[in-house]
Amino acid sequence: MTRSLLFQQVLNGLAIGSVYAIFALGYTLIFSILRIINFTHGAIFTLGAYATYALTGASFGFNGLLANASLPVRLPFVLALIGGSLFAAVCGVIVERLAFRPLRARGSDPLLTLVSSLGVAVALVNVIQYLFGAEAYSYPADPFGHLPSAVNFGTAAQPILVRTVQVIIFGVSMVVLAVLTVLMNATRTGKALRAVAEDTVTASLLGIDTDRLILLTFVISGFLGGVSGTLVGLSVGIAGPYFGIAFGLKGLAVIVLGGLGDIPGAVVGGLVIGLVEAFVPSQYIAYREAVPFALLFVVLLLRPQGLLGRTIVQKV
Amino acid sequence: MPAFLAAYDFLLVSMVLAAVLALSLYVPLMAGQLSLASPGFYALGGYIAAITSTKIFPTAGGLYPVSLVLLEMVVAALASAVLGLLVGVPALRLRGIFLALATIAFVEILRVVSLNLDVTGGAIGIFGVPQPFASQIQYMWLGLPLLGLCMLFVARLEQSRTGRALIALREDELAADAMGVDPTRYKVLAFTVSAMIAGVVGALSAHFINTWNSRQGTFDTGVSLMAFVLIGGSRTFVGPVVGGLVLTALPEALRGIADVGGLPAWLAQFLRDGRLIIFGVMIALGTVFFPHGLITPTVLQRLGRRRGSAA
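Respectively, the protein sequence lines represent chains A and B.
Letter by letter, the first sequence follows residues 1 to 316 in this note's numbering.
Letter by letter, the second sequence follows residues 317 to 627 in this note's numbering.
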């Protein structure tokens, strides 16, 4: 592998890895507070991608109930991305109210909550399919105006070309990550969130409104899901309503690799899986889809607390 | 009756096979282990049958011998048991969510591998799996005894020492461990039994649906099976069986209701095309309102008492 190819693969790996990271943060934030895996996250990811698509003014196909529908607005891509992600955040809140709060009120088994969230995910994805059909969609070809299709990180003699989309994805993900890091570490809300994650009961005894923070977590998680859905859609297109479910399964590998509920771990896990995928040799490229799951399996067996995680002692 | 059987032959056999598969998910759940690995073993069993019948014993024409189907089912059970042990021994040290995740990963890995191997036909899969029967309804000759045997086995298991050990693990693993129940041993046992059941169903299904590919036995199948067990009932073997039978028939039933007429057009349309939406909502509502499913041991007792007093 030449040096330029190596560099190129690293950049590609980081770009896709950074999307894995922000997507997985949505899972891990909820897990850190509620100790449950929110399977609707993949569906929220799809919803965000579709909402962004609609906000750019593009119309849907002719198979669903809302055949050829389009919104009367035509937002620039950046605003559509933000709008679509906010829509996903609202969906996250609705999901919390409908699927998680009733079970939490009954003190249900976390496995039951997992099952309930799977049910909601199946329903959401099929609502999308019912309304808009099963076609694949892609965003407008030049969402940011007339940028070159690739950026050269090398010299004119030795070009190191990376798709502009990948660079943008990496940039947006880094901005989102930076904002989230500041929020978690430098604000009162972030401190409260971390306190709730550490111990919900104690936090509520200390006067932290845990229900409000849980809602906030679902807002942030939904927003992250929406952003990542749009970014992945931008890179490879929206492959129909189910594409979030497949991506959602991959996200599970990321959070397990990083350690369930571990926020820096999710970022490291995302980048590691992105890089490993980028370096799968081309003759085994067909097996690339299995790589995150193989990693998941191995990590669960050897280091269930994740790469950065601490050992959890089972208490009686 | 023959007209009914002929019209719904595919559905009726599918219902029976779904009920057996639901039992496969139920057995580890008896020990409190949510394993979504069954679709993986189902896929494995299907490939064993499809490869055996198309490549090893290809028939020139006419019907494929039933004895060979039975042989394939036995081979599928053994192969699933071996793979189940290999995966189960390390994976079952994991608890709760971790086990569910590991089994999801297992199914995904199998799917990608089968999508890429030559022997499994790659993305196209294996076509023209030969038929042992002249009509589809005759698959009941294998499906019904299989369901009966599995029900009998799981019912006996529930009454046995092993079954009580599994239920003790479900209720409190630490306490059961302290009482001398070896958690790993019993969990691996349940997991292996589950794998064998799923493998056998897969072998039969490959013949029944005539073709096998990497879209059989995926995560989606796992979600459906979970719905069968959790909506049907996760505290007695009757639950998954009823869940598998009823929920497999649900789309047809909904279509039937939609065709009756008198309904607003949008509702009829929704009943025809929205079955997976209804399915998802049922799973979500079921976990909130019927955490142990619709059919629980208490319900069965009450039914039994009523029958007793009527007699």
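Errors might be hidden in some of the hints.
[Claimed, not checked] Rough simulated footprint, nothing fancy, chain B against chain A, three-plus residues with beta-carbon under 8 Å:
#1 13-24
#2 95-109
#3 245-256
[Claimed, not checked] Here are some chain A residues the structure puts well away from chain B; computed CB gaps all over 12 Å:
#4 4
#5 115
#6 209
[As the list claims (entries may be wrong)] A few chain B residues facing chain A, derived, Cβ under 8 Å:
#7 539
#8 558
#9 561
Rather than coming from a laboratory, the hints here were simulated on the basis of the structure.
Predicted model, so just to flag it, every value in this text is computed and none were measured.
All C-beta atoms, glycine included, are put in the ideal place defined by N, C-alpha and C.
Now the hints, each set against the structure:
1. Remark: the region 13-24 of chain A is not confirmed as covered by chain B, as 0 of its residues place a Cβ nearer than 8 Å to a Cβ of that chain, below the required three.
2. For the region 95-109 of chain A, the stated coverage by chain B holds: 7 residues have a C-beta nearer than 8 Å to a C-beta of that chain, and at least 3 were required.
3. By the rule of at least three residues with a Cβ nearer than 8 Å to a Cβ of chain B, the coverage given for the region 245-256 of chain A holds, with 5 such residues.
4. Interface exclusion of residue 4 of chain A from chain B stands, the closest Cβ pair being 29 Å apart, more than 12 Å.
5. Listed as a non-interface residue, residue 115 of chain A fails to keep its Cβ farther than 12 Å from every Cβ of chain B; the least gap is roughly 5 Å.
6. Chain B leaves residue 209 of chain A outside its interface by the beta-carbon criterion, the shortest separation being 24 Å against a cut-off of 12 Å.
7. Given hint, residue 539 of chain B at the interface with chain A, holds; its Cβ is 6 Å from that chain's nearest Cβ, closer than 8 Å.
8. Against a cut-off of 8 Å between C-beta atoms, the interface hint on residue 558 of chain B is violated, since the closest Cβ of chain A lies about 18 Å away.
9. Look at residue 561 of chain B: its Cβ only gets to about 20 Å from chain A, farther than 8 Å, so that hint breaks.
Checked against the numbered hints given earlier, this structure breaks hints 1, 5, 8 and 9; the rest are met.
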